[in-house]
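Chemist: Could you slot chain B onto chain A? The hints should help.
Chains as they are written, first to last, in my numbering: chain A, 323 to 733; chain B, 323 to 733.
Derived from the structure by calculation, the hints contain no laboratory data. Note that beta-carbon positions come from the ideal geometry of N, C-alpha and C, so glycine has one too. Any given hint might turn out to be false.
Claimed, not checked - Computed list of chain B residues with no C-beta within reach of chain A, every gap over 10 Å:
(1) Lys385
(2) Ala395
(3) Asp411
(4) Thr485
(5) Lys491
(6) Gly521
(7) Tyr642
(8) Leu663
(9) Lys714
As the list claims (entries may be wrong) - Heads up, simulated DSS-like pairs for lysine-lysine below, C-alpha to C-alpha not over 25 Å straight-line:
(10) Lys604/A to Lys331/B
(11) Lys346/B to Lys356/B
(12) Lys680/A to Lys604/B
(13) Lys423/A to Lys423/B
Protein chains: 2
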Amino acid sequence: MRYSQLFGKTSKSAPADAESVNAKYLTQGGFINKQMAGIYNYLPLGLRVLTKIQNIIREELHKVGAQEILMPALTQEESYTTTGRDDMDILFHTEIAGGAKAVLNPTHEEIVTPLVKTYTFSYRDLPVAVYQIQNKFRNEARAKSGLLRGREFNMKDLYSFHTSEEDLKDYYEKIKEVYFAIYRRLGLGDLTVLTYASGGAFCKYSHEFQALSEMGEDTVFLCEKCRIAVNKEIIDEQNSCPSCLNVDLVEKKAIEVGNIFKLMTRFSDAFGFTFANEQGKKIPVMMGCYGLGPSRVMGTIVEIFNDEKGIIWPEAVAPYKVHVVVLGAESEVMNEAEKLLKSLEEKHIEVLFDDRAKATTGEKLGDADLIGIPYRVVVSKKTLAQNGVELKLRNESDAQIISQEELLRKL
Amino acid sequence: MRYSQLFGKTSKSAPADAESVNAKYLTQGGFINKQMAGIYNYLPLGLRVLTKIQNIIREELHKVGAQEILMPALTQEESYTTTGRDDMDILFHTEIAGGAKAVLNPTHEEIVTPLVKTYTFSYRDLPVAVYQIQNKFRNEARAKSGLLRGREFNMKDLYSFHTSEEDLKDYYEKIKEVYFAIYRRLGLGDLTVLTYASGGAFCKYSHEFQALSEMGEDTVFLCEKCRIAVNKEIIDEQNSCPSCLNVDLVEKKAIEVGNIFKLMTRFSDAFGFTFANEQGKKIPVMMGCYGLGPSRVMGTIVEIFNDEKGIIWPEAVAPYKVHVVVLGAESEVMNEAEKLLKSLEEKHIEVLFDDRAKATTGEKLGDADLIGIPYRVVVSKKTLAQNGVELKLRNESDAQIISQEELLRKL
Numbered sequence: 323m324r325y326s327q328l329f330g331k332t333s334k335s336a337p338a339d340a341e342s343v344n345a346k347y348l349t350q351g352g353f354i355n356k357q358m359a360g361i362y363n364y365l366p367l368g369l370r371v372l373t374k375i376q377n378i379i380r381e382e383l384h385k386v387g388a389q390e391i392l393m394p395a396l397t398q399e400e401s402y403t404t405t406g407r408d409d410m411d412i413l414f415h416t417e418i419a420g421g422a423k424a425v426l427n428p429t430h431e432e433i434v435t436p437l438v439k440t441y442t443f444s445y446r447d448l449p450v451a452v453y454q455i456q457n458k459f460r461n462e463a464r465a466k467s468g469l470l471r472g473r474e475f476n477m478k479d480l481y482s483f484h485t486s487e488e489d490l491k492d493y494y495e496k497i498k499e500v501y502f503a504i505y506r507r508l509g510l511g512d513l514t515v516l517t518y519a520s521g522g523a524f525c526k527y528s529h530e531f532q533a534l535s536e537m538g539e540d541t542v543f544l545c546e547k548c549r550i551a552v553n554k555e556i557i558d559e560q561n562s563c564p565s566c567l568n569v570d571l572v573e574k575k576a577i578e579v580g581n582i583f584k585l586m587t588r589f590s591d592a593f594g595f596t597f598a599n600e601q602g603k604k605i606p607v608m609m610g611c612y613g614l615g616p617s618r619v620m621g622t623i624v625e626i627f628n629d630e631k632g633i634i635w636p637e638a639v640a641p642y643k644v645h646v647v648v649l650g651a652e653s654e655v656m657n658e659a660e661k662l663l664k665s666l667e668e669k670h671i672e673v674l675f676d677d678r679a680k681a682t683t684g685e686k687l688g689d690a691d692l693i694g695i696p697y698r699v700v701v702s703k704k705t706l707a708q709n710g711v712e713l714k715l716r717n718e719s720d721a722q723i724i725s726q727e728e729l730l731r732k733l
Numbered sequence: 323m324r325y326s327q328l329f330g331k332t333s334k335s336a337p338a339d340a341e342s343v344n345a346k347y348l349t350q351g352g353f354i355n356k357q358m359a360g361i362y363n364y365l366p367l368g369l370r371v372l373t374k375i376q377n378i379i380r381e382e383l384h385k386v387g388a389q390e391i392l393m394p395a396l397t398q399e400e401s402y403t404t405t406g407r408d409d410m411d412i413l414f415h416t417e418i419a420g421g422a423k424a425v426l427n428p429t430h431e432e433i434v435t436p437l438v439k440t441y442t443f444s445y446r447d448l449p450v451a452v453y454q455i456q457n458k459f460r461n462e463a464r465a466k467s468g469l470l471r472g473r474e475f476n477m478k479d480l481y482s483f484h485t486s487e488e489d490l491k492d493y494y495e496k497i498k499e500v501y502f503a504i505y506r507r508l509g510l511g512d513l514t515v516l517t518y519a520s521g522g523a524f525c526k527y528s529h530e531f532q533a534l535s536e537m538g539e540d541t542v543f544l545c546e547k548c549r550i551a552v553n554k555e556i557i558d559e560q561n562s563c564p565s566c567l568n569v570d571l572v573e574k575k576a577i578e579v580g581n582i583f584k585l586m587t588r589f590s591d592a593f594g595f596t597f598a599n600e601q602g603k604k605i606p607v608m609m610g611c612y613g614l615g616p617s618r619v620m621g622t623i624v625e626i627f628n629d630e631k632g633i634i635w636p637e638a639v640a641p642y643k644v645h646v647v648v649l650g651a652e653s654e655v656m657n658e659a660e661k662l663l664k665s666l667e668e669k670h671i672e673v674l675f676d677d678r679a680k681a682t683t684g685e686k687l688g689d690a691d692l693i694g695i696p697y698r699v700v701v702s703k704k705t706l707a708q709n710g711v712e713l714k715l716r717n718e719s720d721a722q723i724i725s726q727e728e729l730l731r732k733l
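In isolation and in its complexed conformation, chain A is listed as follows (with noise of 0.2 Å):
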């Protein structure tokens, strides 16, 4: 892509609302554009990143018989009235002509239980795992850090259905390592750790997954030893490691980059979903959800990921892998940079080319900083001098110059 033609240019200034890292550095380096409070534009560098994670989110789930389906955001009031959840003060409320009730899905239980209901019979159609990944809606009270805590937000929800609760723990027990595997992909796995929290009505906890920062707004007690922790506000219950017993907890600031449920027959009971077992007795179906959010992924990495020259994306979710920078305008330089370019594409190298004529080194050098791409080669008069490119990675300060071959083979 070249940058001269990326729609969504960087900007010098800060949004004056950009109230976090993660909103200031994605809508200055031109990846997202806040629509509101809470609800964002995503630009095509934004967009690709969000691509990314969906993907690698999918990749894994796949490998665990989870099959995609896509739920709709609009339902019928109703649903909510079923399951005693139509007072949540984040539902958007709207009305469908005619005059029926409707709200925005902030979650899909309401949707997905009686949709599974309907193809399953017998004991034969379980376990089955569905999962989608679409826009919830939730109408906070105060919408805030960027892509953190959103309006509208993009999620990925998973479902699992099962005949027996030692059926859903295996299953649960299956995605914890799923989960752990897309935040080792994600470039969040060192600091990432399983937390214990408060499980509701149905069942003593759930688990978070808490990326570690002291940009979180969560606080958990860590066992450094197990790499587990306990949410705050279980401390009083649970002020152990549930693993090891060890009391001596380190408190530490993290984000919540996904939760998992076992929700037991708390929405199958409402809807009156069982199935017929071996011996054709009716019994109510165990159910698990699995919630990840790609956007607030995308902000958690930011916010871990930056320094004071903007973002460090982890190669896997950057929106391009190298960024070539031409300093120069000379026709050299540019035919020798057009050169590399091509050689990259036909190894379907990802590259954003930053082919401005009329931008400053210093802009152009800013800009490759600020939208963190991993690997950053500049061409120019100097470069062609000594026969090579010069390379530098966004993570480590040394560049060195290298021969376009050297570099091909690096990447």
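Modeler: Just chain B now, with coordinates in the frame of chain A:
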């Protein structure tokens, strides 16, 4: 994908309220499931089709430099006050915590115009074309016809921004070609005709893309020589072919599968979106908009390509390329079928594998016809005895026995 594990099975009975062929077959085939009038869930089979349609659109749009972005569903009502469109009766209204009024976007002129304005400073930043694929909302008094007229539906909308009417016109003509390239890939090429329609207040004509079908709700008058049509709504003012002036037009039924408008300065005026030309003079930006609905196209394809047994998917949008049907539970049959599945998957051919032990031959073959995958391959004791498999194309009536090697070559 093993059919025994696929979420969303076929059903023998048509939904009572399925008033159209697409709603009937897509529901019975396990592609979609109605949530409420005009609002559907996409099951795994249906989402695969929808995604393929979306990706074909993406690929063709990228060829003409359109860049993908993502705008929100929720927007402050104020934006519609600015353009005077806050009284549209198809708007869904809601309220943000704190009292601000918001709507669900039925289209995105009110969002994209100020967004592109933010990043446009002079003529150097133009032209630019951005598109998105997401769900739109229309509070239809009566939603019907399955995926053809939804209250929540999937839409691709492209917007282009230009320094002059000439430049807009050039791009507009280019998009006509792009749209036909898309319809050709979708299997609708031969049936889809450019249709002149009302241009509203700012332009003499807009253009629709109408897929000729007796099931269509629209009426067009076709010049059979030019394959250009005139929508009934303007036949009084335009009663000849706009291209060859032939007055011998043929009345046809059709389904609208796309429409494009020259918006001129309708929205740039409302939002004060001007650019500085080479002389530094401020001039309003010229806009075009181009719609094409993936979910509506999916419904249209089913309306057009079907027979009394079910859907006949064009290969490019079929949920899978090959439907392997295993008849008989003998281990030699199952082993041979598994071997075939492995060979196909190694060649990255998408396979739906009907491995159900309890289904009868009639059920399996009936389901294959209903689901409508292009290549049906039967493995049975009979085919084994002939050292081959039975290949039948969904759109042909004859089957043939061929060897596995020959099958792999054919696919």
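Chemist: For the pair supplied as a hint, Lys604/A and Lys331/B, confirm whether the alpha-carbon distance does not exceed 25 Å.
Modeler: Between Lys604/A and Lys331/B the Cα gap is close to 21 Å, so the pair holds against 25 Å.
Chemist: Just want to verify: Thr485/B was marked as not at the interface with chain A; is every Cβ pair farther apart than 10 Å?
Modeler: holds, 15 Å
Chemist: When you look at the beta carbon of Lys714/B, is every beta carbon of chain A farther off than 10 Å?
Modeler: Given a closest Cβ separation of 27 Å, the condition holds.
Chemist: In terms of Cβ atoms, is chain A entirely out of 10 Å range of Lys491/B?
Modeler: holds, 21 Å
Chemist: Is the nearest CB of chain A more than 10 Å from the CB of Asp411/B?
Modeler: violated, 8 Å
Chemist: Quick check for students: does the CB of Gly521/B sit more than 10 Å from each CB in chain A?
Modeler: holds, 27 Å
Chemist: Evaluate the condition: distance from the CB of Lys385/B to the nearest CB of chain A exceeds 10 Å.
Modeler: holds, 14 Å
Chemist: Against the 25 Å threshold, does the CA-CA distance of Lys680/A and Lys604/B hold or violate the hint?
Modeler: holds, 21 Å
Chemist: CA of Lys423/A to CA of Lys423/B, is that 25 Å or under?
Modeler: holds, 17 Å
Chemist: Should the label of Tyr642/B as a non-interface residue stand, given a Cβ cut-off of 10 Å to chain A?
Modeler: holds, 14 Å
Chemist: Given the hint that Lys346/B pairs with Lys356/B, test it: the Cα-Cα distance must not exceed 25 Å.
Modeler: Measuring from Cα to Cα gives roughly 11 Å; hence the hint holds.
Chemist: Could you let me know if the closest chain A CB is still more than 10 Å away from the CB of Ala395/B?
Modeler: Nearest chain A Cβ is 6 Å from Ala395/B, so the label is violated.
Checked against the numbered hints above, the structure violates hints 2, 3; every other hint is satisfied.
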